[in-house]
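Engineer: One-letter residues, chain by chain:
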Amino acid sequence: KAGVTQTPRYLIKTRGQQVTLSCSPISGHRSVSWYQQTPGQGLQFLFEYFSETQRNKGNFPGRFSGRQFSNSRSEMNVSTLELGDSALYLCASSLLGANVLTFGAGSRLTVL
Amino acid sequence: DQQVKQNSPSLSVQEGRISILNCDYTNSMFDYFLWYKKYPAEGPTFLISISSIKDKNEDGRFTVFLNKSAKHLSLHIVPSQPGDSAVYFCAASVQGSQGNLIFGKGTKLSVKP
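So the protein sequences, as listed, match chains A and B.
Sequential numbering from 164 applies to the first sequence in my numbering.
Sequential numbering from 3 applies to the second sequence in my numbering.
Warning: the hint list may mix true and false statements.
Unchecked claim - Keeping only pairs whose Cα atoms sit at most 27 Å apart, straight-line, the calculated DSSO-like set for lysine-lysine is:
#1 A/Lys220 <-> B/Lys58
#2 B/Lys73 <-> B/Lys114
#3 A/Lys220 <-> B/Lys114
#4 B/Lys70 <-> B/Lys56
#5 B/Lys107 <-> B/Lys7
#6 B/Lys114 <-> B/Lys70
#7 B/Lys70 <-> A/Lys176
#8 B/Lys110 <-> B/Lys70
#9 B/Lys58 <-> B/Lys107
Since the hints were derived computationally from the structure, they do not count as laboratory data.
Please read all numbers here as calculations on a predicted model, not as lab measurements.
Build out the structure end to end from the sequences listed, making use of the hints.
Structural biologist: Laid out in structure tokens, this is it:
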């Protein structure tokens, strides 16, 4: 059974650009969550999607957005990139109502 | 304000000995707790969890203890192996939190041969 797949694994952008990250959940998992991991703040919740609807959102500015498609795949977008957006972005999937999240390997974003 | 705290950034133990990783939380509404392990360049991997209705859960070499009155949980690894060297994250959630796990900042465990 394939795990959570995130692409791209690594990317470098410059300030002011935007970026789109992709996540394919485990087959059968319809809930997809996104997290940002930085050395100073640890893992912080960005948002969660189920059935193409954002059900929950963390405390991040509106530059961070996401969406989910009918096949449960999800994307997140960060616009007007800032240096502080450099981080590991992790996607996780789960069955509806499950407490345990299964994480992908992450997308490492560097903003120069 | 950190709701989940792992006060030890690092821990070093000898192979074969017990590793004890600690975690404190402040929100009494948390009803489910998890431990994840993370190797460099990989995503966190689920290790073990415990519901707030229990005080202990065991899975092989890993045992998690929950002390609700102290708002404290711990992960015991016995015996520790070099392959256990990783960053361990404690996480907590509230029923119906819809994907929102609150993580501690992690403890880096080094198991020396």
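Engineer: When the structure is checked against the list of hints, which entries are broken? Sort them ascending.
Structural biologist: Violated hints (numbers, rising): 1, 2, 3, 6 and 7; every other hint is consistent with the structure.
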